[in-house]
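**Student:** Go ahead and model the full structure; you've got the sequences and the hints to work with.
Here's the letter readout for the chains.
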Amino acid sequence: MSSTPVLLDNAQTQACPEHRRRTRSEVLKDKILPAMLAGMLGLALLYTAGFADIAPLHNTAHDGRHSASFPCH
Amino acid sequence: MFNLTTFRELLTAALWTGLLAGLLLTAVQQIQVIPTLLQAEVYEEQAAVVANADNSHEQHEWQPENGWERTFFTAVANIALGVGFALLIGAVMCLRGRPGSWRMGLLWGLAGYTTFFVAPSLGLPPEVPGTTAAELTDRQSWWLITVLDTGFGLSLLAFAKTKTYRFFGAVLLAAPHLISAPQPEVHSSAAPAELAQSFITATVFANAVFWLALGGLMGQFYQKKS
Chain A
1 MSSTPVLLDN
11 AQTQACPEHR
21 RRTRSEVLKD
31 KILPAMLAGM
41 LGLALLYTAG
51 FADIAPLHNT
61 AHDGRHSASF
71 PCH
Chain B
1 MFNLTTFREL
11 LTAALWTGLL
21 AGLLLTAVQQ
31 IQVIPTLLQA
41 EVYEEQAAVV
51 ANADNSHEQH
61 EWQPENGWER
71 TFFTAVANIA
81 LGVGFALLIG
91 AVMCLRGRPG
101 SWRMGLLWGL
111 AGYTTFFVAP
121 SLGLPPEVPG
131 TTAAELTDRQ
141 SWWLITVLDT
151 GFGLSLLAFA
161 KTKTYRFFGA
171 VLLAAPHLIS
181 APQPEVHSSA
191 APAELAQSFI
201 TATVFANAVF
211 WLALGGLMGQ
221 FYQKKS
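Protein sequence lines correspond, in order, to chains A and B. The first sequence begins at 1 in full-length UniProt numbering and counts up one residue at a time. The second sequence begins at 1 in full-length UniProt numbering and counts up one residue at a time.
Among the clues, some could well be false.
What the hints assert, rightly or not - Chain B stretches covered by chain A per the calculated footprint, using a threshold of three residues with CB under 8 Å from any CB of chain A:
1. 5 to 12
2. 92 to 100
3. 128 to 135
4. 150 to 162
Since the hints were made in silico from the structure, they are not lab data. Every residue gets a Cβ at the ideal spot worked out from N, C-alpha and C, and that includes glycine.
**Tutor:** Here it is in structure tokens:
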């Protein structure tokens, strides 16, 4: 009796692998961690180009910042 | 460890998207954004000569020469912003499920436009150089709070399962505009009001093109594998 759910689970996996329920660690590895890394990289780039109050960076990105409506000066 | 292939696909899609959307934005800016900005700078410089001081630009620091050099650096900044925004779109797509096509990407682009441009611009409209404004850090804080709040509010409106949460999302969308954006004690501008208005119109259009390109291209480059 106790092995029935496992067998059913295996059968479902083989029949329709894309609809298999993802385990928590799979979701973490396939979705959450790559998304977090991409998000942090994106925020670092946006901060450097859009917000950093360092004169050469500000002067380089000046027109881009005004155009994007970032608070400038 | 985490899934490196997923991350590499996301990164590649974001790099191409940011490059293309940034170049497109640079081209669109030449129509009205940059000409208006350059005109406003003439007024700003005249006002500075009259006042015999220029507080808004650090004159001693390096800055690109007007012409090709300035356009080149603006393109670099636009591409950096493009890749940054594309990475954020990609991160959300990765969490919510990859889009089926570029059309789905356009919706994400529209959400980004609302969150990062429309909402903060309602309180702090795009300004030409030479306009007085409140303290920079206060404006940056209000901008950040508004963006976070709008992003969260929109996602509740779109994805929440109960009416209560959707209502809460709508409240979040309105909240930053009820607490007014930081304003200067006295409003003044070196450039005439028509120029300021023309700049707002120009940026509304340029950013719409930019964000639709960002969303559409991410939808294309980062779509579900069939």
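**Student:** Would you mind marking each hint as holding or not holding in the structure?
**Tutor:** Checked hints:
1. 5 to 12: holds (count 4)
2. 92 to 100: holds (count 3)
3. 128 to 135: holds (count 3)
4. 150 to 162: violated (count 0)
Hint violations for this structure: number 4 only, all remaining hints satisfied.
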